[in-house]
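A.B. asks: When you get a sec, could you build the whole thing from the sequences and use the hints?
These are the residues of each chain, in order.
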Amino acid sequence: MSSSPDFLQTLWFLLIGVLWVGYFILEGFDFGVGILLRVVGRSQAEKRAVIHTIGPVWDGNEVWLITAGGATFAAFPGWYASLFSGFYLALFLILVALIIRGVSFEFWGKDDSPRWRATWEWTASIGSFLAALLWGVGWADIVHGVPLNAQHNVTTSIFGLLHPYALLGGLVTLSLFTAHGAIFLTLRTRDELVDRARGIARRVAPVSVALLAIFLIWTTANQAGGVKASATIVALLAVLSAAGAVLGVMREQDGRAFGFSAGAIALLFVSLFCGLFPDALPSTTSHAFNLTLVAASSSHYTLTVMTVVAVVFVPIVLAYTAWTYWVFRFRIGASDFAGTGTPTPIAVLADKLGGGSDPTGPATGSAPSGVV
Amino acid sequence: MNTLDLARTQFGITTLFHFIFVPMSIGLTAWVALCETLYVRTGNELYLRMTRFWGKFMLISVAIGVVTGIVQEFQFGMNWSLYSRYVGDIFGAPLAMEGLMAFFLESTFIGLWLFGWGRLSPRVHLACAWLVAFGTALSAYFILAANSWMQHPVGYTINHATGHAQLTNIFSVLLNSTVLLAFPHTVFAAYTTAGMLVLGISAWSLIRGRHTDLFSRSARLVLPITCAVAIITATVGDGQARLMDKQQPMKMAAAEALYTTTKGASFSIFAVAPFSHHPKRLNTDIRIPHLLSLIGTLSWNGTVKGINQVNAAEQKKYGPGDYTPIVGVTYWSFRLMIGAGMLMILITLVGLGLMRRRGRLERSRRFLQVAIVGIFLPILANWTGWIFTEMGRQPWIVYGLLRTNDGRSPLVSTTEVILSLTGYIVVYVILIAVGVRLFLKEIRNGPQDPQEPVPPGGAAVARPDLALAY
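Protein chains in written order, with the working numbering: chain A, 1 to 372; chain B, 1 to 470.
It is worth saying that the hints were derived from the structure and are not from the lab.
Glycine included, every Cβ here is placed at the ideal spot set by N, Cα and C.
There could be a bad hint or two in this list.
[Said to hold, decoys possible] Reference listing, derived: stretches of chain A covered by chain B, where coverage requires no fewer than 3 residues with Cβ under 8 Å from a Cβ of chain B: (1) 66-74; (2) 150-159; (3) 207-220; (4) 280-293; (5) 305-312.
C.D. replies: Below you can see the structure in the form of structure tokens.
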């Protein structure tokens, strides 16, 4: 079996990489916002404002993951099968975390009792925290390699996946996403919320740079078959980008900081993907059992079909996603939600948006159920 | 229970749960888009209130449908890795297309719809509603194309080097005769589901005399639509049964619990047998002469194949073994589905009759009470329909190609599946409890008062502290 992927296999490895990078940049900040929900938002109105910064987009962000999963299934079924069955309990935990955090954002505003609110705030935070941590653990494991037998089945349980290198990977994504979310909040909120978010970004972003640097040095030192120039250069750029984010935060250049933190996340995963290529999942049992992209790949015909679909639809998806972000580019502050006894956040937002440019923008609705 | 049974149980439970909310989403997105269209066209505030009120149910069901949908996609790889390797070349493509073409569309535009009141012009806002409805139906098409390939594999060849199925023609897969019928059956069933929900909730409020203007209009608008889509669902289902007779004769024979090939076969309405995979006798059996032949072959004395004969034919084709599903399950799931469907048609027809006289519908307490119970009929029909489709295909995971036992994840342990199964049950029970509680709360609260502000399509407000696009 030839081990060098052909053009379409390389292209799909690249595309799947793009989907994961897109997923982590986008969901990265909404993980961060979820984690920080109770830290940045103190009053009811503030929490509502915080949730509203990601309200219109978290669902769409999650679709990047679904599509990455679907694309992996279609282009590299062998990879999809080994990975998903091999990381069974870890993925199960991620799925549960994603479920509870997703519904938390939707359920939170649907009732007024403090217990109800607190419950869904905690589940949003814990779910976001767990997912942010476990994605890093999982990807560190993939790059590091796992015990894989000749049939490309993973032969360890979840405990075999929780070694120090993988756990460090988890801390890297956790800190990067938290900082990313805090920086995102500095861009999307007003008043005290900005100050508080910036304060957190100031503390977390430097930690993420340090963790990222250690993790990438470890990754480079670990690389089977010698150091790869591409992976190493990209890793270096990732650390620089993360440092740029810290600088941006310190100088209160929020837009720049956000660009750099997104860049750091992107470059981290690009570096990991570079290190992985041309394998899909290395085996720590025997080099001969490595699952290569070629072995995991679909047929040439399927890849061709999928390429045509991607060429047509990826630009369309990107266009309307960009448009959504343009429509919802305005800052949101606690004052937008002040003095509203009971309406749902949706009602309040609808009021605010429909109600003119009064900067305090108090909602006038009082129906317990609010509007859609 | 061994690991295989546990994995199947998990897939069954998670799918049935997911499929409470999916048909509601498909149906309610279209219904909400229809209400908003009427508002935009007529300018009548009542339709705006309807859009908002029914939109709440749409949002709750879409939210639960989306988060549980990820589990569905990941489960193939997690619990069915041999299956994934075997069919990935074919099965993965529609799944990836579903993500790229449908999920992005619906999730993005539902965000725009929800948060875009006042920000978007009325027409653009309405377009968002229709794009969401279109996206949910499109996603149904792709996943049904994938499922139809498991029922009736087409457009493939077996790669002898890998031993796996390989795609040869994507159009054969996407235009599989099976999906061309399964899609309208499922989507019209989804519209029926939402229709019965809207009717039932309206009935609940009409009995209590609350917001009668809104609920009377909703009921009168939804009744003829629901009646029509329920009849279409049944008609397409009838066509599916005949197609299945050719493509999966065993499933049809098992649906009728017909053991021996019969000419002029009678139709069994109600049969009870001892509880076993292969009951030797029937305790009760009420039959209508010739009806089965009439339905299956459109002729009075047509030949309908029996389980034993089909099993013998399959043994010849695929080697020794038992190729029958659990007959009691297929027989009863098939009948419950059809029975529930017929009841829905009956209920909506009665409703249409009441509608002809002014105010009769709103005053007919008995009909309204039945309509409330009617909310559960489509859920029953949807569930039994899938149980029939999937359990009737056993022992195959891909009909004629791969047995379910050969599709499992070989190294996922019993303990792991017990943990995940327990976890999903706990999380899903909580979700359903919260979901039902929210539904009930929204029903009790009713629609907002008409004087409440917020017209959609106010000019977009430029805020002074405009943040940079990110």
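A.B. asks: Cut-off 8 Å, C-beta pairs, minimum 3 residues; does the coverage of the region 280-293 of chain A by chain B stand?
C.D. replies: Since three or more residues must qualify, the claim that chain B covers the region 280-293 of chain A is violated, with 0 doing so at under 8 Å.
A.B. asks: Residue count check for the region 305-312 of chain A against chain B: does it reach three with CB-CB under 8 Å?
C.D. replies: holds (count 4)
A.B. asks: In terms of beta carbon proximity below 8 Å, does the region 207-220 of chain A have 3 or more residues touching chain B?
C.D. replies: violated (count 0)
A.B. asks: Are three or more residues of the region 66-74 of chain A within 8 Å, CB to CB, of chain B?
C.D. replies: Result for this restraint: holds, n = 8.
A.B. asks: According to a criterion of three or more residues whose C-beta lies within less than 8 Å of a C-beta of chain B, is the region 150-159 of chain A covered?
C.D. replies: Per the Cβ count (5), the hint holds.
Checked against the numbered hints given earlier, this structure breaks hints 3 and 4; the rest are met.
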